[in-house]
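Novice: Given only the sequences and the hints, what does the whole structure look like? Please build it.
Same order as they appear, the protein sequences are chains D and Y. Start counting the first sequence at 1; every next residue gets the next number (our numbering). Start counting the second sequence at 136; every next residue gets the next number (our numbering).
Warning: the hint list may mix true and false statements.
Unchecked claim - So these bits of chain D aren't anywhere near chain Y, every CB distance computed over 12 Å:
1. THR3
2. GLU11
3. ASP12
4. SER13
5. GLU17
6. ASP19
7. ASP47
8. ASN54
9. ILE58
10. GLY76
11. LYS93
12. LEU104
13. PRO110
To be verified - Pairs of lysine to aspartate or glutamate residues, derived as EDC-like cross-links and limited to a Cα-Cα distance of at most 20 Å, are as follows:
14. D:LYS105 with Y:ASP235
15. Y:LYS206 with Y:ASP164
16. D:LYS105 with Y:ASP240
17. D:LYS133 with D:GLU98
18. D:LYS63 with D:ASP44
19. Y:LYS210 with Y:ASP234
20. Y:LYS206 with Y:GLU228
21. D:LYS59 with D:GLU89
22. D:LYS105 with Y:GLU243
23. D:LYS105 with Y:GLU246
24. Y:LYS172 with Y:GLU160
25. Y:LYS198 with Y:GLU288
26. Y:LYS188 with Y:GLU199
27. D:LYS93 with D:GLU17
28. D:LYS105 with Y:GLU142
Hints in this document: simulated from the structure, not taken from any laboratory. We treat Cβ as the ideally placed atom computed from N, Cα and C, and that holds for glycine.
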Amino acid sequence: MTTYFAIVSREDSPIYEADLSVAGKKDKEETSHLHQFILHASLDIVDERMWDTNNMHIKVVDKFNELFVAAYVTAGRTRLLLLCDTRNEDGSKQFFQEVHELYLKVLLNPFQGVNTPIMTPSFDQRVRNLARKYL
Amino acid sequence: MEKINAELFTLTYGSTVRQLLIDNEENVDAVNVQLDKMGYNIGIRLVDEFLAKSSGARCRDFKEAAEMIAKHGLKMFLGVTASVSNWNADNTECSLIMDDNPMVDFVELPEQYSNLSYCNMLCGVFRGALEMVNMRVECWYVRDLLRGDDVFEMRLKLLEVTAESYNDED
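Specialist: Pasting the structure below:
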């Protein structure tokens, strides 16, 4: 199963990325670049679609072969993007909401800039735990 | 006592430290000094407010003053209390131990700032406040929650009790 997750700040710089694929079935190096590429290519569609709905979670925004991209836009226009090869809307919604909470906590740290990568190891660990739980 | 929202206070203090780091070009030692200085200036004013609004008995010695800070001073201005322990033989040095401090909620110290004494302002406040009641002290952190210890431990050292001086010039 392929799962790739990224957070893009409101100024369009990637601040967090993680390959959340189930261990043991990791894809080869080349495809993980492809995943990143698909994810970031969907940003334009996210920017368009976010005005169509009142929800922060905008479900599946893009499709590439058998891969789906789901997105979640926070009030500050930070975009959470998730690439999955299964359509799991409830799971991804829960996942996004909980990551959003985590992200808020990280953002309250005075040493964390809005536009700087999130290096906190505990954040990374928690995101991975959430992925195991919901995806 | 007038109260403000704890998160507002925490974030304001965080921004202050952040801005000091920027202003001092990330020089952590300079920021520590600056925080202490700011704290000192706060302390010399704050002690008046404390004395006006608290109803404690007069402190006769350093030991009572330390208890007063830990049990009432911190309570009034930070909403926490500390315990006083580790006295040395002649009662001139002690530790204030705090389990919790609202100033450090949300904060995680990045590696490049591992020498930063994030709450150094508090040391300055004690120094300033005690100086105004005729006790010259030195104050520093022994243990810091942000650097991986389990509690905050501040060491207070009495340098001298200055005599009251009067200026009868008029």
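Novice: Hint by hint, where does the structure go against what was stated? Just the numbers, ascending.
Specialist: Of the numbered hints given earlier, those the structure breaks are 12, 13 and 15, listed in rising order.
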